[in-house]
Amino acid sequence: MPLYEHVFLARQDISAQQVETLTETFQNIIKEGGGKIGKSEYWGLKALAYKIKKNRKAHFSLFNIDAPFEAVAEMERQMRLSPDVLRFLTLRVEEHDEQPSAILRRGDRDDRRGGRHRDGDRGRDRGERRGPREQARPAPAAKSGEEKKTEAGEGEE
Numbered sequence: 016m017p018l019y020e021h022v023f024l025a026r027q028d029i030s031a032q033q034v035e036t037l038t039e040t041f042q043n044i045i046k047e048g049g050g051k052i053g054k055s056e057y058w059g060l061k062a063l064a065y066k067i068k069k070n071r072k073a074h075f076s077l078f079n080i081d082a083p084f085e086a087v088a089e090m091e092r093q094m095r096l097s098p099d100v101l102r103f104l105t106l107r108v109e110e111h112d113e114q115p116s117a118i119l120r121r122g123d124r125d126d127r128r129g130g131r132h133r134d135g136d137r138g139r140d141r142g143e144r145r146g147p148r149e150q151a152r153p154a155p156a157a158k159s160g161e162e163k164k165t166e167a168g169e170g171e172e
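Residue 106 in our numbering sits at position 91 of the sequence shown; the count goes up by one each step and never skips.
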């Protein structure tokens, strides 16, 4: 059977329990179609780069699927009909990666290091703030005519 990776985004205003229910519903569709779910990850509520259907955040979930095309097509059809699913993407892959996804590994790394804002101050690495700009500096004094001739004459020899 073909292998797929599937990610879907659920609305921000539903609870994590409701996302879990959605996940189980979609997993059951795959199982009824003769497929298997290898790995299921919930990435949490994350901010979106831009609004999707008037939402600034979404619940992210990932599946590794081993199922016939018809089962995946039925799951996608159900997702299109669900008002709680904002967007989804299914990719066919050659093999599944059994390690945690990059999103979860990054989260573990942040936990070990103390997170993004571990100092509690976003601007510590910026240095001191500059004061008001200085007034325009006066232009350097113009050179006299003799100095100009000397400079031009040196290159002729």
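Where hints are given, some of them may not hold.
To be verified - List time: in silico BS3-like cross-link candidates among lysine-lysine, alpha-carbon distance up to 30 Å:
(1) 54 - 72
(2) 61 - 51
(3) 66 - 54
(4) 61 - 72
(5) 68 - 54
(6) 51 - 69
For the record, the hints were derived by calculation from the structure and aren't laboratory data. Treat the numbers as computed from the prediction; the structure is a model and nothing was measured.
Tested hints:
1. At most 30 Å may separate the alpha-carbon atoms for a hinted pair to count; residue 54 and residue 72 meet this at roughly 24 Å.
2. Annotation: proposed proximity of residue 61 to residue 51 holds, straight-line Cα distance about 27 Å (limit 30 Å).
3. Between the alpha carbons of residue 66 and residue 54 the distance comes to roughly 28 Å, so the proposed pair stays at or under 30 Å and holds.
4. Between residue 61 and residue 72 the CA atoms are separated by roughly 5 Å; this keeps the pair inside 30 Å, and the hint holds.
5. Distance hint between residue 68 and residue 54 is fulfilled; the C-alpha atoms sit about 28 Å from each other, no more than 30 Å.
6. Restraint check for residue 51 and residue 69: not satisfied, since their Cα atoms lie roughly 33 Å apart, outside the 30 Å limit.
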